[in-house]
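Trainee: Construct all of the structure, not just a fragment, from the sequences and the given hints.
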Amino acid sequence: MSQTSTQAAQADVGVIGMAVMGSNLARNMAHKGFKVALYNRTDARTDKVIAEHGSEGTFLPFHQLADFVASLSRPRRVVMMVKAGGPTDAVIDEIVPLLEPGDILVDGGNSFFKDTRRREAALRETGIHYVGTGISGGEVGALEGPSIMPGGSKESYRAIGPVLEKISAHVDGEPCCAWMGTDGAGHFVKMVHNGIEYADMQFIGEAHALLRAAGLSNAEAAEVFAGWNTGDLDSYLIEITSRVLATKDPRGTGADLIDVIADAAGMKGTGTWTVQTALEMGVDVSTIGEAVFARAVSSAPKLRAAGQVALEGPDRTISVEDRQGFIDDVRSALWCAKVVAYSQGLDEIRTAAQEYGWEVDMAKVASIWRDGCIIRAQLLQRIRDEYAAHDLTTLLEAPSVKAELASSQASWRRVVARAAEAGVPVPGFSAALSYYDQVRAPRLNAALTQGLRDLFGAHTYRRVDDQGSWHLQWSGDGSEVSA
Numbered sequence: 002m003s004q005t006s007t008q009a010a011q012a013d014v015g016v017i018g019m020a021v022m023g024s025n026l027a028r029n030m031a032h033k034g035f036k037v038a039l040y041n042r043t044d045a046r047t048d049k050v051i052a053e054h055g056s057e058g059t060f061l062p063f064h065q066l067a068d069f070v071a072s073l074s075r076p077r078r079v080v081m082m083v084k085a086g087g088p089t090d091a092v093i094d095e096i097v098p099l100l101e102p103g104d105i106l107v108d109g110g111n112s113f114f115k116d117t118r119r120r121e122a123a124l125r126e127t128g129i130h131y132v133g134t135g136i137s138g139g140e141v142g143a144l145e146g147p148s149i150m151p152g153g154s155k156e157s158y159r160a161i162g163p164v165l166e167k168i169s170a171h172v173d174g175e176p177c178c179a180w181m182g183t184d185g186a187g188h189f190v191k192m193v194h195n196g197i198e199y200a201d202m203q204f205i206g207e208a209h210a211l212l213r214a215a216g217l218s219n220a221e222a223a224e225v226f227a228g229w230n231t232g233d234l235d236s237y238l239i240e241i242t243s244r245v246l247a248t249k250d251p252r253g254t255g256a257d258l259i260d261v262i263a264d265a266a267g268m269k270g271t272g273t274w275t276v277q278t279a280l281e282m283g284v285d286v287s288t289i290g291e292a293v294f295a296r297a298v299s300s301a302p303k304l305r306a307a308g309q310v311a312l313e314g315p316d317r318t319i320s321v322e323d324r325q326g327f328i329d330d331v332r333s334a335l336w337c338a339k340v341v342a343y344s345q346g347l348d349e350i351r352t353a354a355q356e357y358g359w360e361v362d363m364a365k366v367a368s369i370w371r372d373g374c375i376i377r378a379q380l381l382q383r384i385r386d387e388y389a390a391h392d393l394t395t396l397l398e399a400p401s402v403k404a405e406l407a408s409s410q411a412s413w414r415r416v417v418a419r420a421a422e423a424g425v426p427v428p429g430f431s432a433a434l435s436y437y438d439q440v441r442a443p444r445l446n447a448a449l450t451q452g453l454r455d456l457f458g459a460h461t462y463r464r465v466d467d468q469g470s471w472h473l474q475w476s477g478d479g480s481e482v483s484a
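The sequence shown begins at 2 in the numbering used here and counts up one residue at a time.
It is worth saying that the hints were derived from the structure and are not from the lab.
Computed from a predicted structure; not experimentally measured.
Any given hint might turn out to be false.
To be verified - Calculated pairs, DMTMM-like style, for lysine to aspartate or glutamate (alpha carbon to alpha carbon, straight line, at most 20 angstroms):
1) K115 to E356
2) K167 to E140
3) K365 to E387
4) K155 to E166
5) K403 to E387
6) K84 to D44
7) K33 to E126
8) K84 to E140
9) K115 to E126
10) K115 to E360
11) K365 to E156
12) K49 to E140
13) K155 to E101
14) K115 to E281
15) K115 to D90
16) K403 to D285
17) K167 to E57
18) K33 to D13
19) K155 to E356
20) K249 to D264
21) K403 to D233
22) K249 to E224
23) K403 to D438
24) K303 to E313
25) K365 to E166
Mentor: Have a look at this one:
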């Protein structure tokens, strides 16, 4: 039922923004027994939600922001579900004068974590708790139970946490929601989640390309992915890959839908943020970077047209005598690459936690990603268990993970080599394998890089047999001087 009188019921929580994510999140709250105040910049959207879903729970719709705020029980709990950037700042500027110290303002949009840190610091001065919160799962997840990654103060989480935990997805009775750390931690974790999502989809695309290059039809590839989804690759993205590949053109052409979709992938920016931030911190997220760059190349038609005319190479056909053996190799390569992407993403989170003073529990991060979000996968249970049991520098050293990487790497290497020989681009698989080999190598090629830097720019170098920094007098007598 809907109620418009603030005397009839005090709202437990309010939601601003009645687009699909906001309205579905509000409905989720109402389904869980919360009295939910609703507000949208344009009245029509609020009215539409009430007209279509008003019978689902107790909603208090408002056309004036002041009335919306007045309807909330104290401390007021407000969840903003608006576009990141300027629209978020506009809502903050409008609502803050109506709030009081101790009130909680949740930003559930895809805000950049540095913006969240700035906003949290500013509102902290007024006594208002700003909670940057990553929410993953899309519109269905928002309604049925998303994965929720809140940041902000511990005090604010004690007030808003019970609401967020109740509406989140659950696995084995545990909510897919946990406090990630202060200020921008929640949005940072969500950003990296999205970066891993980019890499995961890139790997899946490369696996499909390899199966097609080996002669499988889309329907046959769909069956392969469906089979993989019953094993250790069991995940939401693998599940829906099978569905997409099995779908026919709805226009009745008889073609597979995948073959009539334009070969250009879009992006909204969170993958780019993940890579940019990693570069600033000196963290290798090459799998995510290659996924972002692959989308960029896919959306560069003039470049691709020129390349198709000017560049020679193999015809992207892979001849296989043992078809099932090749399929199994691709499966192994896909699993190994996924593990590397998770390892890189979690390493970025760990590094940021050290830099910004966040108390991020890596086991909890993996735990809340197990359901409700786009990257939910069986693998995350193993990752959670490994981080809970061991103090890991990298996921790759986890006992069960390193054992499977060791047993699967021959397949992984064969796939990357076969792809290179056939001219099938697999930048994600290749980047993951290169990272694996870099991390395990006792010595890389960085010594020569540093020697060159010292020669042309006097950037100095360190020795393996002495302390301090050194510079060679390249243009002089060739002597070495301490820097």
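Trainee: Hey, K167 versus E140, does the alpha-carbon distance stay inside 20 angstroms?
Mentor: 17 angstroms, holds
Trainee: Checking one constraint from the list: CA of K115 to CA of E281, max 20 angstroms. Satisfied?
Mentor: 13 angstroms, holds
Trainee: Holds or violated: K365 and E156, Cα atoms, limit 20 angstroms.
Mentor: It holds: about 19 angstroms lies between the C-alpha atoms, which stays within 20 angstroms.
Trainee: What's the verdict on K303 and E313, does the C-alpha distance respect the 20 angstroms limit or exceed it?
Mentor: 17 angstroms, holds
Trainee: Are the Cα positions of K84 and D44 separated by 20 angstroms at most?
Mentor: The given pair, whose Cα atoms are some 17 angstroms apart, holds under the 20 angstroms limit.
Trainee: When you check the alpha-carbon spacing of K84 and E140, does it fall within 20 angstroms?
Mentor: Status holds; Cα separation ~15 angstroms.
Trainee: Tell me if the straight-line CA distance from K33 to E126 falls inside 20 angstroms.
Mentor: The hint is violated at about 33 angstroms.
Trainee: K249 and D264: Cα distance at most 20 angstroms?
Mentor: 17 angstroms, holds
Trainee: Would you check the hint for K249 and E224, treating anything up to 20 angstroms between C-alpha atoms as holding?
Mentor: 15 angstroms, holds
Trainee: Does K365 pair with E387 here, judged by a C-alpha cut-off of 20 angstroms?
Mentor: 11 angstroms, holds
Trainee: Next pair to validate is K167 with E57; report whether the Cα-Cα distance is within 20 angstroms.
Mentor: 17 angstroms, holds
Trainee: Below or equal to 20 angstroms on CA atoms is what counts here, so check K155 against E166.
Mentor: Distance ~15 angstroms between K155 and E166 Cα, so the pair holds.
In this structure, only the earlier hint numbered 7 is contradicted, and the remaining ones agree with it.
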